[in-house]
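2 protein chains.
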Amino acid sequence: MLKIDSKDCMIAMTDFTAWSLEIQRRTEQTLDHLLPPTNIAPERLHDAMRYAVLGGGKRVRALLAHAAGALCAADANKLDIAASAVEMIHAYSLVHDDMPCMDDDDLRRGKPSCHKQYDDATALLVGDALQTLAFQTLATAEQRLDFTAEQQLKMLSTLAIASGSRGMAGGQAIDLASVGKELTQLELEYMHIHKTGALIRASALLGAYCAEQEDLAKIAAIHQYSEAIGLAFQVVDDILDTEADTATLGKTAGKDADSNKPTYVTILGITRAKALANELHENALAALQPFGDEASRLRQLALFIMQRSF
Amino acid sequence: MLKIDSKDCMIAMTDFTAWSLEIQRRTEQTLDHLLPPTNIAPERLHDAMRYAVLGGGKRVRALLAHAAGALCAADANKLDIAASAVEMIHAYSLVHDDMPCMDDDDLRRGKPSCHKQYDDATALLVGDALQTLAFQTLATAEQRLDFTAEQQLKMLSTLAIASGSRGMAGGQAIDLASVGKELTQLELEYMHIHKTGALIRASALLGAYCAEQEDLAKIAAIHQYSEAIGLAFQVVDDILDTEADTATLGKTAGKDADSNKPTYVTILGITRAKALANELHENALAALQPFGDEASRLRQLALFIMQRSF
Numbered sequence: 004m005l006k007i008d009s010k011d012c013m014i015a016m017t018d019f020t021a022w023s024l025e026i027q028r029r030t031e032q033t034l035d036h037l038l039p040p041t042n043i044a045p046e047r048l049h050d051a052m053r054y055a056v057l058g059g060g061k062r063v064r065a066l067l068a069h070a071a072g073a074l075c076a077a078d079a080n081k082l083d084i085a086a087s088a089v090e091m092i093h094a095y096s097l098v099h100d101d102m103p104c105m106d107d108d109d110l111r112r113g114k115p116s117c118h119k120q121y122d123d124a125t126a127l128l129v130g131d132a133l134q135t136l137a138f139q140t141l142a143t144a145e146q147r148l149d150f151t152a153e154q155q156l157k158m159l160s161t162l163a164i165a166s167g168s169r170g171m172a173g174g175q176a177i178d179l180a181s182v183g184k185e186l187t188q189l190e191l192e193y194m195h196i197h198k199t200g201a202l203i204r205a206s207a208l209l210g211a212y213c214a215e216q217e218d219l220a221k222i223a224a225i226h227q228y229s230e231a232i233g234l235a236f237q238v239v240d241d242i243l244d245t246e247a248d249t250a251t252l253g254k255t256a257g258k259d260a261d262s263n264k265p266t267y268v269t270i271l272g273i274t275r276a277k278a279l280a281n282e283l284h285e286n287a288l289a290a291l292q293p294f295g296d297e298a299s300r301l302r303q304l305a306l307f308i309m310q311r312s313f
Numbered sequence: 004m005l006k007i008d009s010k011d012c013m014i015a016m017t018d019f020t021a022w023s024l025e026i027q028r029r030t031e032q033t034l035d036h037l038l039p040p041t042n043i044a045p046e047r048l049h050d051a052m053r054y055a056v057l058g059g060g061k062r063v064r065a066l067l068a069h070a071a072g073a074l075c076a077a078d079a080n081k082l083d084i085a086a087s088a089v090e091m092i093h094a095y096s097l098v099h100d101d102m103p104c105m106d107d108d109d110l111r112r113g114k115p116s117c118h119k120q121y122d123d124a125t126a127l128l129v130g131d132a133l134q135t136l137a138f139q140t141l142a143t144a145e146q147r148l149d150f151t152a153e154q155q156l157k158m159l160s161t162l163a164i165a166s167g168s169r170g171m172a173g174g175q176a177i178d179l180a181s182v183g184k185e186l187t188q189l190e191l192e193y194m195h196i197h198k199t200g201a202l203i204r205a206s207a208l209l210g211a212y213c214a215e216q217e218d219l220a221k222i223a224a225i226h227q228y229s230e231a232i233g234l235a236f237q238v239v240d241d242i243l244d245t246e247a248d249t250a251t252l253g254k255t256a257g258k259d260a261d262s263n264k265p266t267y268v269t270i271l272g273i274t275r276a277k278a279l280a281n282e283l284h285e286n287a288l289a290a291l292q293p294f295g296d297e298a299s300r301l302r303q304l305a306l307f308i309m310q311r312s313f
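Each protein sequence line maps, in turn, to chains A and B. Quick note on my numbering: the first sequence kicks off at 4 and runs consecutively. Quick note on my numbering: the second sequence kicks off at 4 and runs consecutively.
Derived by calculation from the structure, the hints in this document are not laboratory data. Just so you know, these numbers come straight off a predicted model, no measurement behind them. Some hints could be false.
The list makes no distinction among identical chains, and a pair is therefore deemed to hold if it is satisfied within one copy or across any two copies.
Here are the simulated lysine to aspartate or glutamate pairs, DMTMM-like style, with alpha carbons at most 25 angstroms apart [unchecked claim]:
hint, residue 1, residue 2
1, LYS184, GLU46
2, LYS157, GLU215
3, LYS157, GLU145
4, LYS61, ASP108
5, LYS114, GLU145
6, LYS184, GLU297
7, LYS119, ASP108
8, LYS184, ASP123
Input sequences plus hints: build the corresponding full structure.
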């Protein structure tokens, strides 16, 4: 377990809480602005898109974009665009993952999932249109802010590669194929690096790419940090799925174990899973070691991700 | 009915057939190159993506990109990239539209539709990953060819706007909401302008944007042409759905009428529907009137779209 002075830690986390609330507020406001209004046709689709995106979630990916952006001294208004795009991709993936032909989950963020609140066809189109809107947001970002075309292209290609068949969507396919199978820790890691890790890394990188100047040492650190923290996030998720109840999670607890999906807890046991999470946390912090206060948001965010569970 | 000298027409169409076969071959080859190989994980997803995209279809959108590109003297290798991106978006929309929660169609291009050949979850991910790959292709196009970043962004934003909730996905939502309803011709037109028209127009525009220099008069003509031909395409589709059999169509005939969907034939009757298709054809040709031989591919393509049915 990492040794962190508890008083320093408390002060840091109070400051982090205020910061994260502010980022969540900004992200919500930007998304509200970018999503089509419900008085424009097709009204029901737009209503469902807003239902799926707004008013919930910890916005971990938006926090990551902003924290990585802070390390690179990027403009906060630009970071809002990057953060909104990754949150749209995340929201689309949740809507499709919850559908009956995938994980068949009725609950999301404490509310009926999109296909339960609307219908399957609408949920399918909501996911499709949210993915498109994420790319549209980045492709038209210069109309709002002073991005260079090269910056936009870098964000677009990074987000696309992270979301596609060699990233998030591919990870979901591997996840589906693994139901009922015995996986090794390596195979499980491979699945998660794609299913959740790729988008988490892209979130941090998009934040870095919002900066005026590219600092290769910082980008390398963000790579290492976000790979470690992306995997830690998933290990913590598996621990939460075992230990927390449905009310706390806002989604159906024990779902993965019930559906016979391999998790870090089923493969390693709870004690070794927690030790792995701590080890990944240390790796993430090690990547930030060369940097001072400018990396403090990333350090706090790592701690926040760890403290979700224990 | 348009008066076209039948001998001239035959020569033109023989030339067009050779050209379109060549574009289809190039498009197939480019798509084959851009799609992930089946020996890379996740293998089954990549296999299904290739199944959904390769080896079929008239590639009308690729032909449009190349024909509009010919008007603007764009490089054919660049046009292959634009054509492949729009064909990927089209293929993703077919995979999702065929799913049980949407149109529930078992047959596509004379083969089992993607969810019948694989399964619903795979088909969902295939559509998702194909959409992503379309944007990835445009965002990374400069790695293959000498695109400017501004050209790429223009193609990306045009394709995204045409595909999203105010374009293709929105049109599909309006279509679903219209089942069992009596629509006016105006309401039906509104639906089709979004559902199929937006992507058809984007296909032609992406072709134009591949050119070194933007010619505003030509782009305005391509706008007018592609709006007319996009709608004509749909009217012809409705006529085909009534008159052709399943073997000819490669998809289930009479499906729209059976599922109580409004079509141009149910609203106007077959005679007036054919007259409307001819009128739209004339509008498309009128847009090309200021241009000479450089517009001949677009003229031939308009005729080809009309001749699909009668």
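Exercise for the section: Mind listing which of the numbered hints don't hold for this structure, in increasing order? Expected result: Per hint list: 5, 6 violated.
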